[in-house]
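In the order they appear, the protein sequences are chains G and R.
Here the working numbering is used: the first sequence runs in plain steps of one and ends on residue 220.
Here the working numbering is used: the second sequence runs in plain steps of one and ends on residue 430.
It should be emphasised that the hints constitute simulated quantities derived from the structure, not laboratory data.
Each hint should be verified, as a subset may be incorrect.
EDC-like mimics (lysine to aspartate or glutamate), calculated; alpha carbons at most 20 Å apart, straight line [what the hints assert, rightly or not]:
| no. | chain 1 | residue 1 | chain 2 | residue 2 |
| --- | --- | --- | --- | --- |
| 1 | R | Lys256 | G | Glu178 |
| 2 | G | Lys203 | G | Asp213 |
| 3 | G | Lys204 | R | Asp235 |
| 4 | R | Lys256 | R | Asp424 |
| 5 | R | Lys261 | R | Glu390 |
| 6 | R | Lys126 | R | Glu113 |
| 7 | R | Lys256 | G | Asp136 |
| 8 | R | Lys327 | R | Glu418 |
| 9 | R | Lys327 | R | Glu154 |
| 10 | R | Lys4 | G | Glu202 |
| 11 | G | Lys203 | R | Asp424 |
| 12 | G | Lys204 | R | Glu428 |
| 13 | R | Lys327 | R | Asp155 |
| 14 | R | Lys256 | R | Asp215 |
| 15 | R | Lys256 | R | Glu190 |
| 16 | R | Lys82 | R | Glu113 |
| 17 | R | Lys256 | G | Asp213 |
| 18 | G | Lys203 | R | Glu428 |
| 19 | R | Lys126 | R | Glu142 |
| 20 | R | Lys4 | G | Asp168 |
| 21 | R | Lys261 | R | Asp215 |
| 22 | R | Lys126 | R | Glu260 |
| 23 | R | Lys4 | G | Glu188 |
| 24 | R | Lys256 | R | Glu428 |
| 25 | R | Lys261 | R | Asp413 |
| 26 | R | Lys261 | R | Asp277 |
| 27 | R | Lys126 | R | Glu154 |
| 28 | R | Lys256 | G | Asp130 |
| 29 | R | Lys261 | R | Asp92 |
| 30 | G | Lys204 | R | Glu260 |
| 31 | R | Lys64 | R | Asp23 |
| 32 | G | Lys204 | R | Asp424 |
| 33 | R | Lys261 | R | Glu190 |
| 34 | R | Lys126 | R | Asp24 |
| 35 | G | Lys203 | R | Asp212 |
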Amino acid sequence: MGNLSIMPLVVALPAFLLIGYTIVDIVRRTDLNGGRKVVWAAAVVVLPVIGTFAYLLARPFQDPAHVTLRGNERTHAVVALIEQRAAGSITQDEFTEKKRAVFDEAVDTHRARYS
Amino acid sequence: MPDIGPKQTRRERFIRKLAGVLVRGIYRRVDVYRADDVAAGPQLSVSNHFGGFADPLLLIYAMPRVPRIVARDVIWKYPIVRSIMNWAGAIPVHKPEDRGPGSNDVMFGSAYEALDEGSHVVIFPEGITRDEPSIGRVKTGAARIVLGARATGTEGIHVTPAGIHYEDKASLRSDVSILIGQSIDLDASIDEYVAPGDDPGPENRAAVRSLTAAIEREIRRVAPDFTDWQQARALTAGSEILLRTLADDPRHPIPTADRDALAGHLGRKPPEEKEQVTVAVTRYNEQLADLGLDDSRLLSGMTGKRFIRRSLGLLLLAAILLPFAVVGAIINWIPYLLVKAVGLLRVAPAVLSTAKPLAAIFFFGISWGLTLWGVFREWDAGGVLLAAMLLPLYLGAVIVFLETAQTLWSSFRTWRRLRRARSSGDIIAAERRAVLDVLVEAL
């Protein structure tokens, strides 16, 4: 078969990378105890194809959700101001003044960066 | 990222994993923001319904517990679909406009039973998919299910609102964000819906009406709910401008769930304020569009030096991926073209958001099945396992290769256009400051 020469590249290389990734994933998981990690790692090393396939099939799915806004301190400050305003713990004038201050500071920081 | 808490059955784990693999193939970025921490007990999630088949798939992916989906009974007519729906634990609902025999006593029975077992049930209370960026009339089914289940003795029911935001629901590999809001604790808040001494069951029309209104309000808080598409686009873009201004580094992409949550906040402002923001943002975006730019490109700081540095990395990635992308392209070009052909159908976006993912699953499934069969004939079962793991990687290589090429091209154009727009830099900066002032004022 003429295409045999490209087989190591397109089949063996990704297969090795996948097995390597699998072992790294087993080691780094926090929800498995040491014994189970050893068993899975041994399975992947001894029977690479079957072991990796079984591991990837059995591995629980990770929760994709994040539970807070992912913005930085400024974003969280603005969100907190909105919430305080909604709860009535600050007045409309305080809210307006404080939110403007946050944005002015942000704009100044960026201007300093780019000029 | 922590793994999920609640114990799941093997079947549920498999359903969730399958949904996860499909979602990651079908969409580019799926950003989930969950304010709610209900992880056990009877739970009814209520969601907007913009995307047909895509909606339940995304919710299975995004929710910590695999939900049982309440779906129209007409799809149970098709043999294979029926088996899949039953296996996934879906609950059929009969709609009068579908005609034919059927009543909803069975649906209510199954839903009560599911909640009584402490399961998680998902319903789309608008009943039909929508192509407008707003919430339609919320029907009473959800309220009747939870009041009925509570009347039969189920305690601790939570009603959780969910909002699915599609960047472009008619195209594959687009972005989606999902916002999951605070749950209504039915037992704790029952007095808000049922007057003291009244029947707390699903026959109490006033209670059903007031709980339905509460559900509708909660869905509107998390789902896209705008007057029209222009306003939806403008407030979403405005939210992005605000968050980009606040960001430590405005070159980084804005998390879409954060953006859509803030856009929702702007969407709840009085109509005249929304109108003001819409006009200002639309004008700003049009001015930038005349220069071939948008706000993210304007703040990208893409100089020639930066472009070259960036493109070196991207070119290296593309070069490494090329051989695998070629293999992936050879295996996948036929199903790709077939899915493309489905996209040419002149139907509503909500229909495409059902048809395209299904067509992709079907055509890629057949093509991969045939490839695996070929490998089995040529080699052995071990080869099939290896191929089954490598096929997704090859497709991934094609996708990443193409998306890298796209990024490269887009960065190049950003650099050229920013250079051309440099002479009017001060004017643009003043315009941005003006639109930002309007947005901050409206916040």
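Hint check:
no.	hint	in the structure
1	R:Lys256 / G:Glu178	24 Å, violated
2	G:Lys203 / G:Asp213	15 Å, holds
3	G:Lys204 / R:Asp235	17 Å, holds
4	R:Lys256 / R:Asp424	16 Å, holds
5	R:Lys261 / R:Glu390	35 Å, violated
6	R:Lys126 / R:Glu113	6 Å, holds
7	R:Lys256 / G:Asp136	44 Å, violated
8	R:Lys327 / R:Glu418	40 Å, violated
9	R:Lys327 / R:Glu154	19 Å, holds
10	R:Lys4 / G:Glu202	48 Å, violated
11	G:Lys203 / R:Asp424	14 Å, holds
12	G:Lys204 / R:Glu428	9 Å, holds
13	R:Lys327 / R:Asp155	15 Å, holds
14	R:Lys256 / R:Asp215	15 Å, holds
15	R:Lys256 / R:Glu190	36 Å, violated
16	R:Lys82 / R:Glu113	12 Å, holds
17	R:Lys256 / G:Asp213	28 Å, violated
18	G:Lys203 / R:Glu428	12 Å, holds
19	R:Lys126 / R:Glu142	23 Å, violated
20	R:Lys4 / G:Asp168	11 Å, holds
21	R:Lys261 / R:Asp215	12 Å, holds
22	R:Lys126 / R:Glu260	30 Å, violated
23	R:Lys4 / G:Glu188	36 Å, violated
24	R:Lys256 / R:Glu428	11 Å, holds
25	R:Lys261 / R:Asp413	27 Å, violated
26	R:Lys261 / R:Asp277	24 Å, violated
27	R:Lys126 / R:Glu154	26 Å, violated
28	R:Lys256 / G:Asp130	46 Å, violated
29	R:Lys261 / R:Asp92	44 Å, violated
30	G:Lys204 / R:Glu260	17 Å, holds
31	R:Lys64 / R:Asp23	36 Å, violated
32	G:Lys204 / R:Asp424	11 Å, holds
33	R:Lys261 / R:Glu190	40 Å, violated
34	R:Lys126 / R:Asp24	26 Å, violated
35	G:Lys203 / R:Asp212	28 Å, violated
In this structure, the earlier hints numbered 1, 5, 7, 8, 10, 15, 17, 19, 22, 23, 25, 26, 27, 28, 29, 31, 33, 34, 35 are contradicted, and the remaining ones agree with it.
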